[in-house]
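Number of protein chains: 2
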Amino acid sequence: MVNLKLILRALGFLLLVEGLAMLAAMVVAIIYKGSDIHAFVISSLICISLGLLLIVLTRKASTNIGKREGFTIVTLVWVVFSFFGSIPYILSGSIPNFTNAFFETISGFTTTGSSILDNIEALPKGILFWRSTTQWLGGMGIIVLSLAILPIFGIGGMQLYTAEVPGPVPDKISPKIQQTAKTLWGIYLLFTLTESLLLWIGGMSFFDAICHSFTTMATGGFSTKQASIAFWDSPFIHYVIIVFMVLAGTNFSLSYCALTGKLDRVLKDEEFRYYLLFILIFVILIFTGLLITENMGTEKAFRDSLFQVVSIITTTGYVTADYLLWYPCLTILIFALFFFGGSAGSTGGGIKIMRIVVLLKNSYYELKRMVHPNAVIPVRFNKHTVDTKIVTNVLAFFIIYFMIFILSTVLFSIIEPDLQSSMGAVATCLGNIGPGLGNVGPTETFMHIHPVGKWFLSFLMLLGRLELFTVLVLFSRSFWKG
Amino acid sequence: MVNLKLILRALGFLLLVEGLAMLAAMVVAIIYKGSDIHAFVISSLICISLGLLLIVLTRKASTNIGKREGFTIVTLVWVVFSFFGSIPYILSGSIPNFTNAFFETISGFTTTGSSILDNIEALPKGILFWRSTTQWLGGMGIIVLSLAILPIFGIGGMQLYTAEVPGPVPDKISPKIQQTAKTLWGIYLLFTLTESLLLWIGGMSFFDAICHSFTTMATGGFSTKQASIAFWDSPFIHYVIIVFMVLAGTNFSLSYCALTGKLDRVLKDEEFRYYLLFILIFVILIFTGLLITENMGTEKAFRDSLFQVVSIITTTGYVTADYLLWYPCLTILIFALFFFGGSAGSTGGGIKIMRIVVLLKNSYYELKRMVHPNAVIPVRFNKHTVDTKIVTNVLAFFIIYFMIFILSTVLFSIIEPDLQSSMGAVATCLGNIGPGLGNVGPTETFMHIHPVGKWFLSFLMLLGRLELFTVLVLFSRSFWKG
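Chains as they are written, first to last, in my numbering: chain P, 177 to 658; chain Z, 177 to 658.
Be aware that one or more of the hints could be misleading.
Any copy will do: because identical chains look the same in the list, a pair fits if it lies in one copy or spans two.
[What the hints assert, rightly or not] Within a straight-line C-alpha distance of at most 27 Å, the following computed BS3-like cross-link-like pairs (lysine-lysine) qualify: (1) Lys565 x Lys301; (2) Lys209 x Lys444; (3) Lys537 x Lys565; (4) Lys565 x Lys544.
Keep in mind the hints are simulated off the structure, nothing from the lab.
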C-alpha cells in the first residue's frame, strides 16, 4: 500500500513553504506599490490555508517512507508547485492564460528559464520577484534532491555520490539528510548574497541584483530584462555572473569542502576537473572561431564565448550575445553543449558532467577491451572502481535521454514544422537550459508555440529536471506492484 | 611483430579479384562499344599485374593471422580497393578529378551510394556497370566480414552471432569460414539473379536490371538513372525492389535457413521480428501522415512510404519520392530511420537492428532494476541471456556512434555552414545510406561539397562500414604494443 497520507502531508508542508514565498513577493509588491498586491494576498492565502489543512488532516500519518512515496512526492512537488505558483501570474493579469502561466512557472521551478514573456520590463516588480523566486526555490529543491534523495534511490548513477550519504534505503528521512540539506542551503544562501552584493556594486539596481542572483545560483536564467544580461554593457557584471554560474554548476559538496579549507579535495575531484576542461575546450574553440569570423575586439570575443559557454553548459541560459548569428559551425558547437549539463549535486540540469565522463572513459576502455578481450578493465572515477551496474545505468540513462530527445523532436515537429526549432526547443527544455535554436532562439520567446506544445515542453522540463528515471518509474507497472 | 608479408599477400589476392571484376566491366564496355574500353584494359592490367606481383613476392609468408593482421587487412582492403577502383573513372574521363573519383568509388565499395554525379545517363555503359559492381563486391565483402570475421574479433556485440562460427581466435582462416562464405555468396548470387529476372520482366532493360540487382542486394543504392528508381513509374518494379531490399537487410544466415526449409527458425528470430516491426511502425506513421498532408492516392501513399522506409532502414538509399518535400514531421521520421540500419549479417549498414533491440531492452530493464535494485535482470536475446560484457559493448558502440556523429557534424559544418545539410551528410555517410538532408537530399548530389569535405565523408563511410571499432582500434596504441 502506498502511504497516501504521508504524500499529502509532505505536499502540505511544501505548499506552506510556497505560500510563505508568495508572502515575500507580496512584500516586494507592497514596497513598489504595484498593481499585483492583491494577486499575492489571494494566492498566498490559498497556498497557506490549503497547506495547513493538509497538515492538520494528516497529522496521524505514519512516517514510513519507501521508494514509492519518495518518487511520487518528488514528482508531484514540481507539478503542484507549478500549478499553485501560476496563480499570481493569472490574478495579476500579467499572464492571463493558464497554459502560458503554467509554462512560465514550471520553467521557473525546474530552473529551465524558457519564457513566453515578450515584454518583461512592463511587468510589476512583485511578479518579477516571484518569477525569480520560483527558480531560486527550484534550485534549493534540486540540491536536496540530487545530493540527499536521488543517491539513496540509486538514480542514474548518482550512487557515485553515496559517499556523502551512506547506507541502504532508510525507513524515514534521517536527521543526517536534514543536516546535509541545511549546510548546503547555507552555502546556497551565502553565494546568493555575495553575488547580489557584487552585482549591486557593478551597477545593477538592488532589485535586479537580487533577482539575478536568485536565477544565477539556480542555473535558471530568468532575467528582469527582455534582452537578458545583454542589457548591461558592463564587463564587470558579465564576469561576476560567469563566476557564479560556474559555482552554481559545481557540486555544492565541493563548495562546502572549499569553504572549510579542504581545497585539495576540490582540485582532485575528477568531475570538477573535467567540468573546467570542457569549458576550456569549448571557450578556446568558440573564441578562436569568433576572432576569425567576426569583426570584434579580443576581450569582447573572449567574454562572449566564455559567457555563452558557461551559461549553456551550466544550463543557466542567460545570453549576452545571440549565438544564432554566429558562423553556423559555432552555433552547432553551442548546440552540442546542450547535451552536457552541470555537475552532479549542483543546480545545473542536463546529462551532467559525471555521466559524460563515465561515458567517455567507458568508450575509450571498450577499445582496450577489444584488444585485450580477457583483461578486466573497469571504469575508474575519483580513484575508485565504478561498479559495472552503475556504468550500465549511466549508459542506459544517456541512451534513454537521446531516445526521448529524438522521439520528442519527431512529435514536436508535428506542431512546429522546422527541424532546427523543434530540436532546439526539445533539447533546451529537456536539458533545463532556456533558449533554443531557430524560432525559439535567444532573442525569441516560446509565446508562439501551440498550447499542446507548451504542455509537452513542460513535461520535458519535469522529466529532465528529475533525471528521467524518477518520472519514468512512475509509469512502470512493476513499481506499483507487490 | 606484425605479419606484414601476410597482409601484402592478402591484398595481392584481393587486387587480383578487383582486376578480374574490371575485366567483366571491360566486356560490358566492348559489347556496348563504349569510349571506356581502354580505361578498363589499362586499369585491370594494373590491378592484375600488381596483385600477381604481390602474391609471388610474398609466397613464403607465414599464414599466422592474428588480430593485428585481421584488423589491418579488413581496413586496408576497402581503402586499396577504392584507390584502384577509381582508375577507370579517371581514365575514361567520366570523373576526371581524383577526389571525386575516389569519393564515388569508396561510396560504392562501402555500399553507401552517395554520388557526385549529376548526369548519370551520359556515362558509358561499362562505367555504369563498374559503378554497380563496386557495390556488389562491397556487399559480398561485408557478408564475410560481419558473419565470419567480426564475430571472431568480438566487434560491437557481434559475438551474439558466434553461434555460427564458434571457438576462439583461430590461427589461420579456417576452412569452416571459407565454407560459410561460399554458402552465403551462393545465396547472394541467387537473389541477385532472381531480382534481375523479375526487374527485366517488369520492364527494365536487361542492363538496368542487372545493375539495379547488384546495388539492391548490396543495399548500395547506386542507380543507372539520375532520378533513381523514381525513373520507373511502375508499381511492379517498386514492389520487387522493396522485397529484395528487405531480403538484403536480413541476416543472410536466416535466408539460408529459409531456403533449407527451416522457416520456423526465421520466424522465431528476434532480430528479424523487430526488423519487420520497425518497418511496420514507420510505414504506418508515414503512410498515415502522407494521406493526411498530401493529395495522393492510397496505393501511391502506401508504396511511397513503404519504399522510402525500407530503402532507408536497410541503408540502400534508392528513392521514388523526395522525402524533403513531405510535411517536415515525416521528413524527421525518415531522418530518425538514419539511425537504425539493417540486420547484423546482412549487407545493410548503420547501427543495426540487433544493437537497437539490445539498447531498447536494456533501457527498459534498467527501469525495472531501479525498482528492484537487488534483483539480477539480464538482457535476453533469442532466448539466451546476453553477457553483461556484450551489453556494455553494444552500449559503448551506440555512444561512440553518436559522439562521432555529433563531432563530425560540428567539423563538417565548418565547410558546410548549414546544420541540416551537415547533419544529413554525416549521418548518411556514417550509416552507409546515400541521400541526406538539405543540399545533399535525394534530388541533390555531393558534387558541390569542398574536396576536404569529400575526403572527410569518405572516411566516415569507411568507419561506418567497418562497425567503427575495426578502424578505431588501429589508432589505439595498446593495439600495436606488446
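The hints, checked one at a time:
1. In the homo-oligomer, the alpha carbons of Lys565 and Lys301 never lie at most 27 Å apart, since the shortest distance is 50 Å inside one protomer and 58 Å across protomers.
2. With identical chains, the CA atoms of Lys209 and Lys444 are never at most 27 Å apart, being 51 Å at best within one copy and 74 Å at best between copies.
3. Proximity of Lys537 and Lys565 under a CA criterion of 27 Å is satisfied in both settings, with 15 Å inside one chain copy and 15 Å between copies.
4. Both within a single protomer and between protomers do Lys565 and Lys544 lie at most 27 Å apart by alpha-carbon distance, with minima of 20 Å and 13 Å respectively.
Checked against the numbered hints above, the structure breaks hints 1, 2 and satisfies the rest.
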